[in-house]
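J.: Line order of the protein sequences matches chains X and S. Residue 1 is where the first sequence starts when you use this note's numbering, and the numbers rise one by one after that. Residue 501 is where the second sequence starts when you use this note's numbering, and the numbers rise one by one after that.
To be clear, the hints were calculated from the coordinates, so they are not data collected in a lab. You may find that some hints are simply not true.
To be verified - With a cut-off of at most 30 Å between alpha-carbon atoms, the simulated DSBU-like pairs for lysine-lysine come out as follows:
1) X:359 - X:341
2) X:62 - S:904
3) S:904 - X:113
4) S:691 - S:883
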Amino acid sequence: MSGTKTVALTIDGRTVTAVEGANVLRAAERAGIDIPHFCYHPAFAAEGNCRMCLVEIEGLPKLELACSTPVREGLVVRTATERVTQARRDVLEFLLADHPLDCPICDKAGECKLQDHYDRYGRFPGRFVEAKQKKDKLVRIGRGLVLDRERCILCTRCVRFLRNVTGTGELGVFERGARAEIGVFEGAPVDNSYAGNLVDICPVGAITAEDFRFRTRAWFLARNPSVCPHCSRGCAVIVESVSGYPLPGGKRRVYRITAGENPAVNGYWICDLGRAGRRDIDEGRAAGLLKKGVPVDGGPWQKALTEVTAAIKAVPVSDRPARIAVILNARLTCEELVRAKRLFVTGLGLGRVFFADRKPGAADSLLLTTERVPNARGVLDSGLEARPPLLEDLAGITALLVFGSGLAEHFPEEAIGRTLAAIPSKFLFAAHAGPFDRLFDLAFPVAVPPEKSGTYINVAGVRQSFGRALVAPAGAVPEGEILTGLAQGLGIDLGDPDVR
Amino acid sequence: MSEDAVRLIPADEGSWRLEAYLRRGGYEAARRAVTSMAPADIIAEVRRAGLRGRGGAGFPAGLKWSFVPQGVGGPKYLCVNADEGEPGTFKDRAILVRDPHRLLEGMVIAAFAVGIRTAVIYVRGEYERIAGRLRAAVAEAEGAGFLGRTIFGSEFGLDVVIHFGAGAYICGEETALLESIEGRRGAPRLKPPFPAVVGLFRSPTVINNVETLAHVPSIIGRGADWFMSLGLPKDCGTRLFSVSGAVRRPGLYELPTGIPLRTLIEDHAGGPPEGVSVKAVIPGGLSAPVLRADELETHLDFESMALACSMAGSAGVIVIGDRTPMLEVLGVMSRFYAHESCGQCTPCRIGTSWIHRTVTRIAAGQGRRGDLDLILSLADGIKGRTLCPMGDAAALPIRALVTKFRGELEQAAER
Chain X
1 MSGTKTVALT IDGRTVTAVE GANVLRAAER AGIDIPHFCY HPAFAAEGNC RMCLVEIEGL
61 PKLELACSTP VREGLVVRTA TERVTQARRD VLEFLLADHP LDCPICDKAG ECKLQDHYDR
121 YGRFPGRFVE AKQKKDKLVR IGRGLVLDRE RCILCTRCVR FLRNVTGTGE LGVFERGARA
181 EIGVFEGAPV DNSYAGNLVD ICPVGAITAE DFRFRTRAWF LARNPSVCPH CSRGCAVIVE
241 SVSGYPLPGG KRRVYRITAG ENPAVNGYWI CDLGRAGRRD IDEGRAAGLL KKGVPVDGGP
301 WQKALTEVTA AIKAVPVSDR PARIAVILNA RLTCEELVRA KRLFVTGLGL GRVFFADRKP
361 GAADSLLLTT ERVPNARGVL DSGLEARPPL LEDLAGITAL LVFGSGLAEH FPEEAIGRTL
421 AAIPSKFLFA AHAGPFDRLF DLAFPVAVPP EKSGTYINVA GVRQSFGRAL VAPAGAVPEG
481 EILTGLAQGL GIDLGDPDVR
Chain S
501 MSEDAVRLIP ADEGSWRLEA YLRRGGYEAA RRAVTSMAPA DIIAEVRRAG LRGRGGAGFP
561 AGLKWSFVPQ GVGGPKYLCV NADEGEPGTF KDRAILVRDP HRLLEGMVIA AFAVGIRTAV
621 IYVRGEYERI AGRLRAAVAE AEGAGFLGRT IFGSEFGLDV VIHFGAGAYI CGEETALLES
681 IEGRRGAPRL KPPFPAVVGL FRSPTVINNV ETLAHVPSII GRGADWFMSL GLPKDCGTRL
741 FSVSGAVRRP GLYELPTGIP LRTLIEDHAG GPPEGVSVKA VIPGGLSAPV LRADELETHL
801 DFESMALACS MAGSAGVIVI GDRTPMLEVL GVMSRFYAHE SCGQCTPCRI GTSWIHRTVT
861 RIAAGQGRRG DLDLILSLAD GIKGRTLCPM GDAAALPIRA LVTKFRGELE QAAER
């Protein structure tokens, strides 16, 4: 950024440069020096209540908060002295005094800041011999969230999130002293579509999600970044799956979707719709290749694809523009759209290329957009026309290729059935099982977006490339490979998919 | 003290009424300040007088006023701290009951000097019953043109709002007080920014104790030199000492700052009752580290008390007789801080509770070897590490009590 001033300061004897206005904690973090903390979160102003980030600042008699001390030229900070070490140990000892130490049954274990900091900065013998305070361990605070007050360290990140980000303020601190506790106001539970972020920002196991509780352990999870496909914002997400075994009979692979960090798009948050996207990955998936609704045994998908190319080849070249129709969708990546255009428009010269997608929904004032697809801008960018099909567009055609499950959103079941019945050859490429699968000659299972790599262009025109976050279940193929397979079968050169 | 001295607590009949206050020369200083003095000169005079805050911290009042940025737009506020929650302290109450107009006059002068047009008197909830006279005084002053839109016919006006707390000690801490006035949970704010710059409703704010402001009319009326002739050079004027505990005449004594503790206890408060001797004294409200009987020569001013590793604090002098077990004192003290910690920051929230639970266990005859060292170590974990001064206010007196009366406490613990 132009006009941003930097300053040089010394942290633990190292010269560190930082942007003016940054705090010592962030400056140290950027230099690879860990200053442990609980309450500080970069999305909020420093709160200073956990007291874990106390450091020595030359010239000041007391230990100071790294989270609230701004950097300045020549500042000398020490984070590894005996005083700092002792202060950290003392804070940890205080926090652990009444802590239930129920890590063996705590869902946060393995990714808990209290655990991590104790491991690295604590490791003292326990001196607390009093009876631990009993507090409520199962408080349902709304939106499928459970509050455990014994584990809570009162960092108030949750309270501040609801005040500063959603503006809904459902949680507050009640009572005082060691009796202080987080709670909702009577009859007014947490009720906003960003509530899932409370679990992400809780540094301990105080707020957990019903959807995740007791299902797996944090250390079994593989965490891979992706881009959320559930609206056109394109938020960074982390797909947290149990690696090692692919989907056996519909079992859960993805245990949760959490917020990724992307200052240009979503900051630190995602909405609950995106979080619920874990179901889109694991639930209702097309289980395998279907022929008229009957599972086809054996044979690679490439072999089945020859039936599709044969059906296309059967249509005389001059008839193809009018008698072959293709329905695409805006969950396809930019790379896939380029291939689709080269294959269907340039290669086959088709005129009937449509898009059928999930219907728009309501936007909110934070992140969620009206479009319930990730790549509407990518469609525009591809030069394909994003028009939805009319049923009469599908009348009198010989072959139909449908990508995705969007048709059902646009037409009544009965009308789709009637239309499909009149088409001699029809093929479906969908990730999820649907009511019309049996009407297609062949239904190919395909990958969902997190199982693909590619590029989406978000509502603001931000182009985001992402890698594959998890392996597609056996038999499910990314549409890009289907398109390449079709092109090969038809003898059409797609060129380099990355070059437009 | 000479006859000429201030009487913060007047004794005349109906002293709280406006007519009585006017008979005592009331509102003359405010009139002079508003009609004929420059605001900067008023601040300079109060600074020169060396008036130190009477709430406990002893911060120079005039200096505090001078921190408020001048020449910027937007409102500024004066908050009067009448939360008086420090155990052993009951001086502000007396001013509110006996001489509320003196406080109001001090407020008018302070507000005029700093350029403030709205003041809030934050009165502790427990004083709601006695606030009738304060309310009446505000109404009287408004009726007489000493408060309200135009004061003494000038352009200057001051509105006064009375706001009651709900019984939390922490709301006496100035930023928690601001939160409480704003309608939120009373919990201290992270500083900086300081209230003089970002205070009530994010506006520059002066927060002064009742007694501090009550001194202002005489400083302006009689001049800084007169004020400086009382007390010590660096710590001028008189203070209201609240004396309680093992003395014959507990009560409120207005005396020059810097008198020896022994003089206050023996000459003024009549010394301990028959058959009792002084074992210890808490000299400046519960949060002031305890002094032993052999430290009674210490003078009651901020510097002398600091040198004795205690503090002049709120001048609430609690005298502990030899029949009072120190374990009981420690129990009361630790219960108070555990009960009153706001719970916002870790060391104070857990530390005070842990200490209290340890003391309670000792008192129940379940003491363990090392308990006193544990208490000292927990106090060290609080001291200097908390978000607001309450951490030190809890840790230091507990530390001092355990250190100075370790022998007695050890004996009690073993019993």
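J.: Given the hint that residue 904 of chain S pairs with residue 113 of chain X, test it: the Cα-Cα distance must not exceed 30 Å.
T.: Violated, at about 39 Å.
J.: Is it true that the CA of residue 62 of chain X sits at most 30 Å from the CA of residue 904 of chain S?
T.: Between residue 62 of chain X and residue 904 of chain S the Cα gap is close to 25 Å, so the pair holds against 30 Å.
J.: Would you mind confirming whether the straight-line C-alpha gap from residue 691 of chain S to residue 883 of chain S stays at or under 30 Å?
T.: Measuring from Cα to Cα gives roughly 17 Å; hence the hint holds.
J.: Straight-line Cα separation of residue 359 of chain X and residue 341 of chain X no greater than 30 Å?
T.: OK: residue 359 of chain X and residue 341 of chain X at ~23 Å, within 30 Å.
Of the numbered hints listed earlier, the single one contradicted by the structure is hint 3.
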